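Chemist: Quick note, the sequences are listed as chains V and X, same order. If you count by my numbering, then the first sequence holds residues 2 to 307, one letter each, in order. If you count by my numbering, then the second sequence holds residues 2 to 307, one letter each, in order.
Think of the hints as simulated: they come from the structure by calculation, not from any bench. All values derive from a computational prediction rather than experimental measurement. Positions of the beta carbon are idealized from the N, C-alpha and C atoms, including for glycine. Worth double-checking, as some hints may not be accurate.
[Stated by the list, open to error] For each label pair, taking beta carbons as the anchor points, the in silico distance ranges come out as:
#  : chain 1 : residue 1 : chain 2 : residue 2 : range
1  : X       : 65        : V       : 258       : 54 to 62 Å
2  : X       : 89        : V       : 258       : 41 to 49 Å
3  : X       : 65        : V       : 63        : 32 to 40 Å
4  : V       : 289       : X       : 150       : 33 to 41 Å
5  : V       : 225       : X       : 172       : 16 to 24 Å
6  : X       : 265       : V       : 178       : 54 to 62 Å
7  : V       : 37        : X       : 277       : 22 to 30 Å
8  : X       : 31        : V       : 198       : 33 to 41 Å
9  : X       : 63        : V       : 269       : 36 to 44 Å
10 : X       : 218       : V       : 305       : 55 to 63 Å
2 protein chains.
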Amino acid sequence: MSRRVFLGLDVGGTYAKLAAVSSSGRVLARSSVPTLIPRGPRAFVERAADEARRMAAGLVARWSRAGLGIAGDVDAERGRIRCSPNLKTFEGFPVRDALRRALGVPVAMQNDANMAAWGCYSAELGRRSPNVLCVTLGTGVGGGIVLGGRLHSGSTGSAGEVGHMRVEPGGARCACGERGCLEAYAGSYGILRLARAEMGRRARGLDARGVAEAARRGDAGARRTWRRVGDALGTGVVNLVYLLNPDAVVFVGGISGAGSLFLDPVRRALRAQPFKTPCRHARVLVAETPEIGALGAALYALEGGG
Amino acid sequence: MSRRVFLGLDVGGTYAKLAAVSSSGRVLARSSVPTLIPRGPRAFVERAADEARRMAAGLVARWSRAGLGIAGDVDAERGRIRCSPNLKTFEGFPVRDALRRALGVPVAMQNDANMAAWGCYSAELGRRSPNVLCVTLGTGVGGGIVLGGRLHSGSTGSAGEVGHMRVEPGGARCACGERGCLEAYAGSYGILRLARAEMGRRARGLDARGVAEAARRGDAGARRTWRRVGDALGTGVVNLVYLLNPDAVVFVGGISGAGSLFLDPVRRALRAQPFKTPCRHARVLVAETPEIGALGAALYALEGGG
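Kindly generate the complete structure, drawing on both the sequences and the hints.
Modeler: What follows is the structure, given as structure tokens:
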């Protein structure tokens, strides 16, 4: 008889990451497949299920349950995406049920940042901190919320939209159409806008990682850029801490690799607050666990989200 | 044999309100005693316990448990206030255990806004909405959070500090010492500051209720004042909705009587948001239940906060 393992899938605009964990939560295998958005969600589900079967065969195991994290506004009840700028062709498609049929196991679906938050709570922090906020830094800025050891996905599955908190009302234009959202300062396009203002021509051709490298090399404009990114994130984190009084705020995603360039101003903002107890209690860190979104989805399938 | 009833106490800077509820949650009696801060917490506990005994005798009942809501940063574990600008003499005093000894029943202690939030969830909305945010409007702006039918008081009991979310970084000075907090625009002193700017000499001698009356009489400056208050609250509520995706945001406290003067701009802000699902789902209302803080504390004693 083959052992039972748990699948996590983290579907982004370019790639979908897969992770397999044992019933004790140990990572057994990782993989990825291209999302290929123009070919549509039906073809994607087949591609992902093929890869999942290949993984299970390699592990001499059978899938027990799967967790599906997916970028966009997720209707967890109906198992579909209401809207997703990065996965347009997936909107309205019953992706959870399609994956359930393809794999023959139950599938739990959540927004990708919620699954990453579960990964932060369960893997990164070892379930020792009941109240954990996760902030995802990439093209956009998202988030997920674990409170009292339970994922809080909200009344319509939309909770955790950290990136659309206003940090500068009337400020820079966000991809959502509003002004002054955190994402307009700390999403990759916001960082590049700030870099163009602070670095002038030296910002040309750089992506957010390039701006981080320039800052580490000592470029004054790049350092000012990250200070402004960190100040915006500091305002956001202070708001989060005042509202939710968490044990930890964990940054994940591509841009979180900039580390101390934005963590220092965020920690400084917290230290400067008059309400000492919640602001000193909250640890602020960057997740070290690789591919925490797919792992979080697998652990969510195993653990049921509290 | 006398029946068992549940006591709620809501301790503010001037008065403490008391409420008695039956085991089915029905309000049986209400009362109040002066807080008399300069005489200290020990004398207050005796005064409140005397009044509670008088209430119980009148009801031919015995207290079963009590809920204690108190303005300030509450250490629920140790049953004391860490700090409270409005109850200075209470800081550090073991008020929960003193009340427990005086009444001879278990006492659950929470920040007053948390107890009001439990009242909103349990009494105002009849436990039909699992995710409820309460915003208290008075001298300061506070809040409480019920998620998944459970009170979220945070890792150190400090959650729900809605009033210190930044709605205008670098903006008006808040009583906490920071700039741009929601309270600096929607706490009574913030409203009066805006009224002085918008109404000039006509603001003299008015309190926040007076500014509301002037607006209802058609005073253009008073109307502009409330629009600015409503815009600040709108930014705050939008942030809350994006983060927590609640079923309802309920305003309570003295200033919430201004009703549509601030509710209209708040609802307008939500309607203008690009993320339709969470923003349309959240109802925004003013609590109609009288003395919801004391009632919430009694229901919390009865129901255990989920």
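Chemist: Decide, hint by hint, whether the structure agrees.
Modeler: Hints versus structure:
{"no.": "1", "hint": "X:65 - V:258: 54 to 62 Å", "result": "holds, 56 Å"}
{"no.": "2", "hint": "X:89 - V:258: 41 to 49 Å", "result": "holds, 47 Å"}
{"no.": "3", "hint": "X:65 - V:63: 32 to 40 Å", "result": "violated, 52 Å"}
{"no.": "4", "hint": "V:289 - X:150: 33 to 41 Å", "result": "holds, 34 Å"}
{"no.": "5", "hint": "V:225 - X:172: 16 to 24 Å", "result": "holds, 23 Å"}
{"no.": "6", "hint": "X:265 - V:178: 54 to 62 Å", "result": "violated, 22 Å"}
{"no.": "7", "hint": "V:37 - X:277: 22 to 30 Å", "result": "holds, 28 Å"}
{"no.": "8", "hint": "X:31 - V:198: 33 to 41 Å", "result": "violated, 59 Å"}
{"no.": "9", "hint": "X:63 - V:269: 36 to 44 Å", "result": "violated, 54 Å"}
{"no.": "10", "hint": "X:218 - V:305: 55 to 63 Å", "result": "holds, 57 Å"}
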